[in-house]
Every structure is written in structure tokens, then in C-alpha cells.
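Chemist: Protein chains in written order, with my numbering: chain A, 55 to 295; chain B, 55 to 295.
Hints in this document: simulated from the structure, not taken from any laboratory. All the given hints hold, so there is nothing to weed out.
Copies of one chain are not kept apart here, so a pair can be met inside one copy or by any two copies together.
Straight-line alpha carbon distances no greater than 20 Å define the calculated SDA-like cross-link-like pairs of lysine to any residue that follow:
hint	residue 1	residue 2
1	262	240
2	172	107
3	172	70
4	163	58
5	163	118
6	262	284
7	172	195
This one's a predicted model, so the numbers in the text were calculated from it and none came from an experiment.
There are 2 protein chains.
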Amino acid sequence: MADPLRIVLVSSRNPLNIGAAARAMSNFGFTDLRVVNPYEVAYQEARSAVRSHYILGQSQQCSTVAEATVGCTLVVGTTAVGNRDLHVPLYRLETGAELLREHLASGAKAALLFGSEKFGLSNAEMSHCQWLMRIPTRAEHGSMNLGQAVAVCLYEMRRQAAAVNQPAFEKPPVASSDERERLTSILMELLIESGYAQERTLESTELKLRRLIHRINIASNDAEALLGMLRHILWKMRRTR
Amino acid sequence: MADPLRIVLVSSRNPLNIGAAARAMSNFGFTDLRVVNPYEVAYQEARSAVRSHYILGQSQQCSTVAEATVGCTLVVGTTAVGNRDLHVPLYRLETGAELLREHLASGAKAALLFGSEKFGLSNAEMSHCQWLMRIPTRAEHGSMNLGQAVAVCLYEMRRQAAAVNQPAFEKPPVASSDERERLTSILMELLIESGYAQERTLESTELKLRRLIHRINIASNDAEALLGMLRHILWKMRRTR
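Chain A extracted, bound-state conformation (with noise of 0.2 Å):
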């Protein structure tokens, strides 16, 4: 089945960049790579490297952008500058991501476009853009590293807001009233054998440790386990007293 969302780097002339942008399409599962006009011995030396190599294999050379975009019925543009007179509207990676998204839902195809790392998309190469969208970095330095921009989209592409709010991980039992209470009570012990805790303290003492050891947050193994260890410093003291 191909891949609905198709990936396209205009004139890269870095093979650590192109490289990079497959690394990316193979860690959020992208297949469709197409590579127009590149620097000849950068597009060379990133087929050869080791990681993602099989889309670097079946990524396609183009000369043109129009043959690039060959089969896609939405093509998408990214810009890092938000100033220029840019003839098509410009979104957020945001919103864009969300459009994308709502056009490949409906079975098409779409493209999206990076141009060179030195002067991004050219006006021609924007005019085959249906809109732009840009990667909310700060005004000052807006543009990003080719790779690095890639990966953003690509992130953003395969967000999902429902994630949010949700932990993957099941946080464990917290620990009960009576483990807190033999955590008190061997405390009590250590601090009576060190002499930290004086007879005329004894209760006071006693009251403070109560409240802390039962502010704690800790969960219910790693109470045991300290309770474990505990035990052994008190038994060593008493052996060594």
C-alpha cells in the first residue's frame, strides 16, 4: 500500500540532512521519499548510509518539483519565515498537521515539501503549494536545521491529542498506614540506640517522625524495602553496641 503522506527534499545538499529526514520518516513510520534536483554526492553519500536505508533505496530523484508531486492532490509547503508576501495561507504546524491530517483521512495523497537548508522553498518552488505551514520556532531564529525539521512535522503528524493526560504507566500501591507505622517504629528504635532521641524527647520526637513518615509519598515495595534495610542497621548496632 503506499504511503499516503509523501515526504519531499528540494535542492538538500547535505547528506547528513537527507539522512537524517529518512531516519525520521523510518522513526514515525513514513516510506515516501522523493528528492528533487539534490547536490548529486550528497543524495549518493546518504543512499550509502547504514540506518533507514531501505527508504533512502526506494526514494525517488526528480528534477522538478511538478514531477515530485506526480499523483498527490494536496501539496504542502514549509517556511520558516512568516513575513514574506507568501500568496497562500500560512499555518501553524499546528493547524497544518490537523489539515493534513483531515486530507489523508479521506483516502488521498498529499505532499509535503522542504526546500534547501540555506534558502528554503523558492517562490517557484511555493507556487505548487495549495498552502504553507511553518514550525512555531521564535522570530529571531526561525530556522531550523533541515533534519530537525523533518522530525518535528513528522512528530506532529503522528501526535496524538488524546495521549495527553493519559499515563502509559500504572503508578504502584502507595504504602499503608501500617507499613508507615513499622516505618515509624524502627526509626523510633535507630533513634533511641544512636542516642539522637533523649527520654525527656522521647515523645515529642516520636510525634515529628510520625508526621513526616506519613507525609511521604512512597509507595507501598519501596516502604518494605526500606523497611528491610532499616532493620539490618538496627540489628548491626545492637550486635556491635
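Could you slot chain B onto chain A? The hints should help.
Modeler: Just chain B now, with coordinates in the frame of chain A:
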């Protein structure tokens, strides 16, 4: 004012990755970088890079995770593996970033740890973390490039849920009925002039054309531009007849 989120790179080996992490920090507006036990040559090489030099220039080199996380009331680790016995809660990035934002909103400081390129965070390094988070990559290829992982996490920290479905660009007004009528009539003149529309099909052709023109989603200024082009074509056709 101190940056509330500190980025900690542990045992990084590749100067390009350290530089890429600093660049992503600059892109998304983070400044506090600490590097634990880096490969010395890599660290020095990264510091000499041009971009984001202000971040690397003020970064601190530490020898332990404990030293790198001094002053932080929350320490969060990143991991690519979900099946290791982790001892601490593991959240997806979407959830983890939300928890981090809540912590930072209270004015407290937090550290976000990234492990070495080859092995990630060790169990010893993870033991400094209250919890871990994982970028939702494919199970078959979970491990991301370090610079890309930093970029994705920092993007998620800056992501604005409210930005979804809020177009940053106002769509230009669409063409009015009278503009569409002018388009229809000049196209009809062209079709007659070119011989496409014959006397006996004139009415049905005009009906088809009008329906087509009124279906098209075209902006007002684009309709005007098109009208100008069509007028010129008509003028030329009549002149050279």
C-alpha cells in the same frame, strides 16, 4: 532570569549532535544547557560552531548527573525503549510535556535528560529521574537521532494546543457573482471566437460554462487577474483574425 527548563546531554559523543541540540534550543527559546561527561573533542568542536554559539558558550560541563541537575525540583529522563524494567513512570511525550509545563508554571526549575547516542540513559543515570518520557516512535525503529529528539521534545514544550484550527492567515475574499459573470462572458466570447461554441450549441455551452465558473473557488483578485489575461487573449485573437 534563569531559564526554567534545563537541557542536560549525558555522554554525548558527536559534536554535530551537541550543536544540533543547541540550535533546536535557540529555535524554541531555551538557553540553559549542561553537558555531562561529553567526549571532550566533540564538546570543543561543537562550541566552535557558528550557530547557537551563545547557548554553547554559556553551557556548563559537569562530570555527574547529580551536578548537572543541581537546583532542579524535577528531573525527567528520555528513553526510546518502552519495555525495559524502568522502575519509574513512563509517559508519552504528549503527556510528559504537559506535566513538565505544569511544573514550570509553578515557578520551579526542571531538567530534561538525554542519554548517549548509542545507549541512551543508563539505569544509573535514570535513577536520578522522577519519571521518563518517550517520543511516540515506531516500535521497530524507536531510537531517534539525538539532535532530532531534542528538537521534537522542545517543539512539544512550545506547542500551543489552542493554535489548532486557528488559521494564521486570512483567506482573501472570494470572487463575487458579477466577477464570475464577467469571467463567463469573456470566456464565451473566446469560445465563439475560436469556433469551439457553435450556433446550435451556444445555449448549452454557456450553461455548462456558467456552472463551472460558479463552482470554482477563486479569490476576487485572482478572478480580476484572470479577466485581464483573457481580455488580452481576446484582443489578440480579434486583431490577428
